[in-house]
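**Student:** Sequence:
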Amino acid sequence: MADQPAPTAQPAPAAAPEPEPSFYFSLESCDKEIVKISVLAVPHMVTINNLVSDLGYEKAAENVIPVDNVTGFTLKRAVAWCEHHWGVEFPEEKNESFPRQTIIPEWDMNFLKELKVMELQALTMAAYQLEIKQLLRYCCKKIAMMAQGNTPDEWRVVFEIPIDEKDAIAEKELQERLEREAKEEAERQIV
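The numbering of the sequence shown is the UniProt record's numbering, which starts it at 1 and goes up by one.
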């Protein structure tokens with residue numbers, strides 16, 4: 001037994017190489033920009049995944065899939081998010097009477113921080129339209145975080161929401177009433 005060498009630490013086995021996508025699908029944005037998405041990332045886009053499943057992978061790969069109401073810039077961002085998260089399974093949304101707490105992981109937070117407000121809004125709408133459920137949750141959480149502590153008027157400025165005509169009329173009437181009351185108060189003090 002003394003003749004046996006001491007056991008040596010074996011190096012950890014090398015990680016298996018990530019599989020390369022076997023083929024890509026071409027998506028066409030509303031501004032006619034073609035964006036490629038791998039077969040590995042497509043499951044995150046439920047709308048596109050269902051279309052691909054219905055058409056068959058080969059036929060879907062041969063055709064350009066139109067994506068209405070999503071610009072090329074936004075579609076590229078949505079595809080980049082899906083490509084980064086391919087193979088990741090997110091928990092299914094349950095019909096809960098209250099929303100669960102959403103925590104945005106660091107990579108996703110950095111991904112969303114790079115976007116301007118209107119780009120984030122467009123990505124949120126694209127995630128909704130394409131049914132990228134986890135991206136939609138993260139976008140909504142990011143918007144909620146941005147909105148915390150802001151007044152409705154600050155929201156309008158941040159999200160570039162136009163003021164309704166009714167709001168403008170009501171605001172003008174309020175301003176006129178306040179000016180009239182201030183004038184009447186000033187006249188009472190003089191007399």
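Derived by calculation from the structure, the hints in this document are not laboratory data. Incorrect hints may appear among the rest.
[As the list claims (entries may be wrong)] Listed next, the in silico SDA-like pairs over lysine to any residue satisfying Cα-Cα at most 20 angstroms (straight line): (1) Lys172 to Gln148; (2) Lys133 to Ser38; (3) Lys172 to Gln189; (4) Lys59 to Glu28; (5) Lys116 to Lys172; (6) Lys76 to Glu154.
Quick caveat: nothing in here was measured; it's all calculated off a predicted structure.
**Student:** Each of the hints needs a verdict: does it hold here or not?
**Tutor:** Right, here's what the structure says about each hint:
1. Annotation: proposed proximity of lysine 172 to glutamine 148 is violated, straight-line Cα distance about 28 angstroms (limit 20 angstroms).
2. A threshold of 20 angstroms between alpha carbons decides the hint, and for lysine 133 with serine 38 the separation of about 18 angstroms falls inside it, so the pair holds.
3. Among the hinted pairs, lysine 172 with glutamine 189 is inconsistent with the structure: their alpha-carbon atoms are about 26 angstroms apart, more than 20 angstroms.
4. About 16 angstroms separates the Cα atoms of lysine 59 and glutamate 28, which keeps this hinted pair within 20 angstroms; it holds.
5. At most 20 angstroms may separate the alpha-carbon atoms for a hinted pair to count; lysine 116 and lysine 172 exceed this at roughly 32 angstroms.
6. The straight-line distance between the Cα atoms of lysine 76 and glutamate 154 is roughly 30 angstroms, outside the 20 angstroms bound, and the hint therefore fails.
The structure does not agree with the numbered hints 1, 3, 5 and 6 stated previously, though it agrees with the rest.
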